Amino acid sequence: MGQRVQNRSIYLAVGVLLLLVTALVLYSEAEAQNRTLYWGSRGADVTRVQQRLSQWGYYRGSIDGIYGQLTFNAVQAFQRKNGLPVTGTVAERTWAALGLAAAPARQPAAPVTRGTPARPVSDSVNLLARVIEGEAADEPYIGKVAVGAVIMNRVRSPAFPKTLSGVIYQPHAFESVTNGQYNRPLSQDSIRAAQAALNGWDPSGGALFFWNPAKPVSPWIWSRNIINRIGRHVFGL
Amino acid sequence: MRYKSFLPWVVGLLAVALVGYWGYQQYSARESMRVYVGNSYQRAFFNVIDHVRNIEAMLAKGLVAADRQQDLELFTDVWRQSNAALDNLAQLPVSDAQISRTAKFLTQVGDYCHSLVLKTAEGQTIDEENWQTLNRLYRQSSILHRELLAINDNVTNGRFDFYKLAGEAGRKLGPTGRNLADANFSTITKQMQDYPSLIYDGPFSDHLERVKPRGLNNEQINQAQARQRAERFIEKRRGTTYTGRVTGEVEGAIPAYRVEVIPERGGERRGPAASMDLSRQGGEVIWMLQPRNIGEARWETDRAREKAQKFLAERGHKNMVARYFQRLDNAVTFNFAAKEGDVILYPDLIKVTVALDNGEVVGYDAKGYLMAHHDRKLPEPKVSREEAAALITPRLRVEEGRLAVIPDGVDKEKLTWEFEGDLDKETFLVYINALTGREENILRLYKTDQGTLAM
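From first to last, the protein sequence lines stand for chains A and B.
Using the numbering used here, you'd call the opening residue of the first sequence number 1 and step up by one each time.
Using the numbering used here, you'd call the opening residue of the second sequence number 1001 and step up by one each time.
Hints listed in this document are in silico derivations from the structure and should not be mistaken for laboratory results.
Here the structure is a predicted model, which means the values were calculated and not measured.
All C-beta atoms, glycine included, are put in the ideal place defined by N, C-alpha and C.
Any given hint could turn out to be false.
[Said to hold, decoys possible] FRET-style restraints, in silico, Cβ to Cβ: (1) Gln1108/B <-> Arg60/A: 45 to 51 Å; (2) Ala91/A <-> Val1019/B: 29 to 35 Å; (3) Ala159/A <-> Lys1339/B: 32 to 38 Å; (4) Glu1219/B <-> Asn225/A: 22 to 28 Å; (5) Ala159/A <-> Trp1131/B: 37 to 43 Å; (6) Ala159/A <-> Glu1296/B: 41 to 47 Å; (7) Ala91/A <-> Gln1225/B: 48 to 54 Å; (8) Asn1218/B <-> Asn225/A: 22 to 28 Å; (9) Gly83/A <-> Asn1293/B: 33 to 39 Å; (10) Thr1247/B <-> Gly83/A: 25 to 31 Å.
Isolated chain B, as found in the complex (with noise of 0.2 Å):
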């Protein structure tokens, strides 16, 4: 009898200890399900964004180039990128009605410039008409472009969220999905962010995976030696100590000792540790960060460019030419690249970022110049500068020309003419092999408040 009162109880919270448990249990497989799914529409869009940007860039570039093969490649990564971005677009959670448009659009610019691709592969050239088609078809491309990058502003701050639409969808898509979703995706109103997003790092950067360093000399130098290096190398200012102390070793493509630069004052520390990687070989300085908050801008931006310079000039680099700088805040980021003569060694590449507040370096970056950098036998052009200019399309209006060495794939170097020129108010970079005259490389210009980057 006994037992038998006892039974309901255990049954009862055994019931509810399992409804609790499972209920958990679904929680936060529900969950973990929502953070995935909503991940993955954004993976999709954020993809579309980068599929679009760069139809635009080839797009702009299809309107300069001038040479078969430059166009055959292009066109085909058009090709390429818009069916990549068709298959993004149709992940997202938007009704069809919605994305038609964009879809449309899409389909058309991969078709048009798979079109292009055949006829340029037949030996034929691109026409007035195809180029007025080209023209209109990046106009529409960039208006994209600026409209998606509108709806990420959404997407970041919260505004728009992919999963909540997924769950309106469900359910025939109620009036704040619809609104949320036309908003977005439907009206061309909002403006351009205020600086593309573009390769940081310089046009010329895909060489720094190159396996061995070439601008190293035989030298190896221990810790006490790497210590004192990079007390000589860091920024002074008057009355303050600065001390290194190595922290530890790097692995990398450049073997390293990591050293921290503390800066004192009567004993006492004054802001943050600067820290630098030193290498082994050859003792150079492979980058250095100095983590401080920088104050309000005093400085322009020719100023701290000239100090750059200085900076450069006074540990060893002094044929440097400045030729992209980006700001964020307080602080402007400059690309030097490396001069033999009158020729720019597009990969020999160190970055100085100033700050604008007191003009100090705080950031430098040698990574490529040290990878790349050796001694050249420069070969002597064969094609001139007038011969080149005259391979460029007339449509560009192009400046004084100059001999240049851009990277070639990992390991190889080109000679080449660089070219500026303008076609309607934008800006491109022509590349005229100095060899063979082939046309290799075709860059846009960014120039912004916040600097010039090429893409």
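Isolated chain A, as found in the complex (with noise of 0.2 Å):
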């Protein structure tokens, strides 16, 4: 009798995680555009949510397209904010409070893409470029220049590397560095922003430090002196 039982529960646990493993498989090869999102579901739309959601400083997980634990909660915490049913789920409504709701026709799949610029850009141009993209894709135009202008000014900090990717390589001093997100395709307003923050203009009014209060941050940064505001980025020194 005890032999059987120990084989019956092995059979079962081997059962389950077989199950799991399709519904995985299949969840990954299932590809429709804006197809609703739960527990479990993951592919580039997860991404695109993630990417959403963490930039309105809703997520704090990986952008690792599989919707787990901290999506869940963080799509809940989206819902509860815009008046949506709390469901945790992505439908209809919620891709449409999103922003996404007519995705762009086709979004690359992986996570990780390299941009491509509409015409060869410098390399330094190109990498200021990708840290703004990570870090103040959905900002306006002055606040990504303010985002390009803190790293410039770290650049001539002595307290910061002397070199333009020792300050942006520099371990978690960029989120989007840390987390891969500073690897998307570049808008033509990143380009610019970063040209305008190389040639010297700076909105942030010489920080060094910036930061989005919506996200959970260290207290310690509240300690800066803090210079100006610009959308969702506080400036501080």
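The two chains are supplied separately, each in an independent frame; assemble them into the complex guided by the hints.
This is the structure:
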């Protein structure tokens, strides 16, 4: 009897595992546009939702295209805040509220896509534009230039690495670099903003830090001298 | 008995949940490691490019330097930069065979420059043979720089992924990995990027960190005045009204009001608002940006330059000279330096961006000017133009020189003779101190379709 119980539990475990795996594979195959997303969904559309929720400060997990606990919580928080039924799934109305209703024709499926700017831009412009895109894609143009300016101010500041790449790749300096989001395709706006920042335009007023108060930030950051606010970002020294 | 038949279910489900949780944890940990490792490689690679670019520029300057002090500084710097480049190169997940040529070159450059440092420090001068070697090293560094930029193209468009390469290297560099690395590191076929990336802000822009602005009068303005001044500053199109609105205050190096100016025609919004900062003290426009989309270019650069000059003159900056420009898409940014008599004042810098579709000024930045401009009591030069020209290396064919004030560190300035000269189709600017005759600085000019830049 003891033997049989053991066997049965193993079969069961294996069976459930197989089911789960099949389900996962099936979901990742299905790539229909604006399908309903729920816990366990994965794919490029999940990535899009995560990116948007992350930009808006609801989501702080990794942008991995997998609808897990963190994504679920973020979606619920978003729905609560925007007067939608709190279902924890992304259906038509939530898609629309996320501003992703008419999804762009074909987003590349891989979460990691490199920018392909319209014309070749120099390496510094490109690198800076990628961080601007990752950190401030939904900010007004001035806010994009300001984020670029913070990076340039750091290059000049004795307290930070002396090169552009040193500043950008400093561990944990920029969230979008840490989680790989800065590898998204570049918008023309970000390239122009990078160029302006490299040229010395500085709407940040000389700031060395910027943060989004809607996201969980280290309380230390508020001890900085605040210079100004642009869009959702606070700039400080 | 009942409880016994439940047990396997509970254990099974628990096991599945645990395995699933563990798997997810492993997956996310692996993902963040992947990004982190990829970033580290990219940083090392970008640093290599930075250092090689600096080595190239400094070797070029070394070719035209004629002052021992200048030589010492340049060669010490090359030596330092080549060590840093080697450090970073060694971190790349590429086999020794593929980078050995690059590493060898960097070591040679560093060693050679170090030997020149010792030689110069002993009081000897750079002789013809040294110069020929420097020239050869310089040509090679240009080729290397070009190669690295080509690889960088592949890195940015995703064709070349250091992380994947690292994985391949772990498995004895499989065929794909090897091909990738071979194609990228061992050939010199690709053409150089269409323009070099340089000090975009113009060569003398380090003075911007000065703590207190010098170019502001004592008048304090209020919000209403800021709004009016912004409305007056903005360029007007006929039939359009411009309404300013103070959106906030900025506590930067120059405390300011942030103002938005909204263009309207017949009560309807025409295009995006222009943003600008006006200093609370003195009420000067610090910068302005008009983020509209720019259509097809119809204006020539020269016409745009005249337009920018006129724009400045109409706003009280009559004595300015455009020294550098840079074009991006359909807009050109000009660097203007102030003039006092015939002396160019490089610290007093204003940048103006002109849209080439209709010639409208869409960008303005006077931070440099406001920080640096003051009533200078310029000294009389003690070194004449001819004496200064004689101090420059005879290899450089210099054209007529002129007086220029250049910044010296954060807070000081120097009066110099500025000479432009050519060496093998390359243009250099040499600055000779007009009081002491010391060679203060050497810049190399890059003249491309996109603009003239100095490094």
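Right, here's what the structure says about each hint:
Range check, glutamine 1108/B to arginine 60/A: Cβ separation about 49 Å, and the 45 to 51 Å hint holds. Roughly 30 Å separates the CB atoms of alanine 91/A and valine 1019/B, a value that falls within the hinted 29 to 35 Å. Our hint of 32 to 38 Å for alanine 159/A and lysine 1339/B holds, since their Cβ atoms are close to 36 Å apart. Checked against the given bound of 22 to 28 Å, the beta carbons of glutamate 1219/B and asparagine 225/A, roughly 25 Å apart, stay inside it.
In this structure, alanine 159/A and tryptophan 1131/B meet the distance hint of 37 to 43 Å, their C-beta atoms being roughly 40 Å apart. In this structure, alanine 159/A and glutamate 1296/B meet the distance hint of 41 to 47 Å, their C-beta atoms being roughly 44 Å apart. In this structure the hint that alanine 91/A and glutamine 1225/B lie 48 to 54 Å apart at CB holds, the actual value being about 53 Å. The hint said 22 to 28 Å for the Cβ distance between asparagine 1218/B and asparagine 225/A, and at roughly 24 Å that hint holds.
Between glycine 83/A and asparagine 1293/B the Cβ separation comes to about 34 Å, which falls inside the hinted range of 33 to 39 Å. At roughly 28 Å, the beta carbons of threonine 1247/B and glycine 83/A sit within the given window of 25 to 31 Å.
The structure agrees with every numbered hint stated previously.
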